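Undergrad: Each chain, written out:
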Amino acid sequence: MSIETISLSGRKKEVSNKKMNFWESIYLVAIVKGLLITIKHLFTRKVTIKYPEQVRPMSPVYRGQHMLMRDEEGRERCTACGLCALSCPAEAITMKAEERKPDEKHLYREEKYASIYEINMLRCIFCGLCEEACPKQAIYLTTSKKIVKANYERDEFIYGKDKLVMPLEQALNNTKLKTAN
Amino acid sequence: MDSTIIIEKGVFIVIIFAITMLMAMYSTLAERKIAAWLQDRIGPNRAGKGGVLQPLADGLKLFSKEEFLPNTPNKFLFVVGPAISMSVALMTSAVIPWGDKLHLFGRDIVLQATDIDVAILYVFGVLSVGVYGIMIGGWASNNKFSLMSAMRAASQMISYEIAMGLSIIALLMMEGTLSLREISANQSGMHWNVFYQPLGFIIFLVCSFAETNRTPFDLAECEAELIGGYHTEYSSMRMGFYLFAEYASMFISSTILAVLYFGGYNYPGMEWAVENWGVNPANIIGIVVLFIKISFFIFFFMWVRWTIPRFRYDQLMRLGWKALIPLAIANIIVTAVVMLLVQ
Chain L
180 MSIETISLSG RKKEVSNKKM NFWESIYLVA IVKGLLITIK HLFTRKVTIK YPEQVRPMSP
240 VYRGQHMLMR DEEGRERCTA CGLCALSCPA EAITMKAEER KPDEKHLYRE EKYASIYEIN
300 MLRCIFCGLC EEACPKQAIY LTTSKKIVKA NYERDEFIYG KDKLVMPLEQ ALNNTKLKTA
360 N
Chain E
74 MDSTIIIEKG VFIVIIFAIT MLMAMYSTLA ERKIAAWLQD RIGPNRAGKG GVLQPLADGL
134 KLFSKEEFLP NTPNKFLFVV GPAISMSVAL MTSAVIPWGD KLHLFGRDIV LQATDIDVAI
194 LYVFGVLSVG VYGIMIGGWA SNNKFSLMSA MRAASQMISY EIAMGLSIIA LLMMEGTLSL
254 REISANQSGM HWNVFYQPLG FIIFLVCSFA ETNRTPFDLA ECEAELIGGY HTEYSSMRMG
314 FYLFAEYASM FISSTILAVL YFGGYNYPGM EWAVENWGVN PANIIGIVVL FIKISFFIFF
374 FMWVRWTIPR FRYDQLMRLG WKALIPLAIA NIIVTAVVML LVQ
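In the order they appear, the protein sequences are chains L and E.
Just so we're on the same page, this note's numbering is the position in the first sequence counted from 1, plus 179.
Just so we're on the same page, this note's numbering is the position in the second sequence counted from 1, plus 73.
To be clear, the hints were calculated from the coordinates, so they are not data collected in a lab.
If you're wondering where the values come from, they're calculated on a predicted model, not measured in any experiment.
Among the hints, erroneous ones may be present.
Derived DSS-like pairs (lysine-lysine); straight-line CA-CA distance at most 25 Å [said to hold, decoys possible]:
| hint | chain 1 | residue 1 | chain 2 | residue 2 |
| --- | --- | --- | --- | --- |
| 1 | E | Lys134 | L | Lys229 |
| 2 | L | Lys229 | L | Lys325 |
| 3 | L | Lys340 | L | Lys280 |
| 4 | L | Lys197 | E | Lys395 |
| 5 | E | Lys395 | L | Lys198 |
| 6 | E | Lys106 | L | Lys225 |
| 7 | L | Lys212 | E | Lys106 |
| 8 | E | Lys106 | L | Lys219 |
| 9 | L | Lys275 | L | Lys315 |
| 10 | L | Lys355 | L | Lys315 |
| 11 | L | Lys340 | L | Lys328 |
| 12 | L | Lys355 | L | Lys342 |
| 13 | L | Lys275 | L | Lys291 |
| 14 | L | Lys225 | E | Lys122 |
| 15 | L | Lys212 | L | Lys197 |
| 16 | L | Lys342 | L | Lys284 |
| 17 | L | Lys324 | L | Lys340 |
| 18 | E | Lys122 | L | Lys229 |
| 19 | L | Lys357 | L | Lys284 |
| 20 | L | Lys291 | L | Lys342 |
| 21 | L | Lys229 | E | Lys106 |
| 22 | E | Lys395 | L | Lys212 |
| 23 | L | Lys284 | L | Lys315 |
Here are the in silico distance ranges between beta carbons for each label pair [stated by the list, open to error]:
| hint | chain 1 | residue 1 | chain 2 | residue 2 | range |
| --- | --- | --- | --- | --- | --- |
| 24 | L | Val226 | E | Val125 | 22 to 28 Å |
| 25 | E | Asp387 | L | Ile216 | 22 to 28 Å |
| 26 | L | Glu251 | E | Ile115 | 44 to 50 Å |
The beta-carbon is built from N, C-alpha and C at its ideal position, and this holds for glycine as well.
Let the hints inform the model, and build the full structure from the sequences given.
TA: See below:
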């Protein structure tokens with residue numbers, strides 16, 4: 180077998196450059212064949228997803244926008260240890276720690292908390308290493324089920340605690356569900 | 074001439090005009106929808122339910138664009154070009170028989186703007202003027218790409234007019250008349266001309282693609298080589314007129330195809346319907362049938378557009394001069410021989 184005739188995929192087709200006869204040169208048969216192919220597509224299922232109304236199902240391990248979790252009593256879990264920032268390969272996380280006041284016991288679980296916690300969503304590569312590093316199970320990328328929204332301003336992509344911390348109602352709701360089970 | 078007939082014809086012409094405009098308007102939507110469906114997409118569906126208001130949105134957008142006039146010595150021609158294209162596309166509808174007749178207000182109303190006995194010559198004459206719309210637009214743009222595009226369009230339309238005219242001669246030999254009304258009436262029952270003139274029909278079909286500048290013969294519009302085509306310099310509603318004229322002429326071409334070869338307003342069992350249901354219901358069904366045939370041909374134009382890539386210029390000329398014209402002449406000879414043998 181010569182090298183020209185080998186076909187690994189079995190679909191190799193020799194291109195011929197032979198002269199067309201009169202009936203081929205008016206293209207009628209070829210056109211009818213083409214028309215039959217296209218009319219079949221008129222009746223096939225459309226692949227478009229009507230986006231705002233219809234959303235593609237997300238994988239359970241999809242890593243989207245981060246969420247800072249609260250515990251069963253609705254207190255923030257984060258203790259501002261800085262391990263997430265340390266583990267972050269993109270250096271997207273910054274935080275500032277603060278000591279908890281005696282009257283803030285219902286807000287923060289540990290004696291130290293993050294007064295400022297910012298993630299730069301333009302730097303973040305959504306690798307999930309912060310989630311793995313966290314000793315307090317405070318940061319998760321999978322639970323928000325959110326895609327980071329587009330914006331016109333670069334500053335808007337630095338997400339503070341207002342956008343990252345889990346809403347209080349959601350935390351209380353989760354607790355209610357857990358106790359009911 | 075009594076004045077009622079002037080009113081009658083006036084109202085009829087306005088209705089025809091409105092219907093042509095409406096069909097052309099919704100052809101633009103149909104084109105986008107069919108394009109989408111043939112490519113497994115959904116198509117425009119945001120303006121109105123299922124996108125029914127999309128043509129209005131497109132029109133509004135075109136109206137709100139800046140009306141740009143290039144620095145050309147032919148400002149008058151620049152304005153006249155799209156107007157010629159549009160009026161030529163609309164003028165042809167004057168001789169189309171849209172139905173047999175209706176009996177209203179105690180008189181017979183013939184469903185045709187005018188029944189001239191050289192209707193086919195009139196149609197061909199008016200269609201030939203369509204070249205001027207494109208040629209004048211391309212010339213007055215003062216832009217070499219527009220001019221080249223207009224040249225292409227003109228040579229293409231003139232070449233295919235010959236084959237179109239020859240293909241129709243065989244039909245006229247059989248019919249013995251140039252009046253579209255008589256040709257429609259001769260096809261009553263299932264005596265549609267397409268069964269007697271299949272080759273003539275195919276040649277006529279191919280040529281009407283070329284005459285309306287539709288794919289695969291849309292060489293006049295070519296982004297890669299000619300920027301936009303003959304309407305590169307046009308904007309706003311002048312551009313809209315060119316685009317709209319294409320759809321209007323597509324509608325008229327479909328109508329002529331339906332009338333000449335697919336029996337016009339005739340449908341099987343029409344005589345029976347006239348006897349049993351009366352003149353008016355039977356003829357209203359006839360009008361509906363004609364519009365179904367027209368819609369099919371409009372769909373066919375779009376279907377072909379999204380199937381076949383465009384021809385190269387030399388292929389286009391070879392097909393026109395070396396394939397279609399000899400075939401049309403052969404068709405005439407064969408028809409003549411068969412007619413002699415049958416007599």
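Undergrad: Going back to the hint list, which numbers does this structure go against?
TA: Nothing - there is no hint that the structure violates, so all of them hold.
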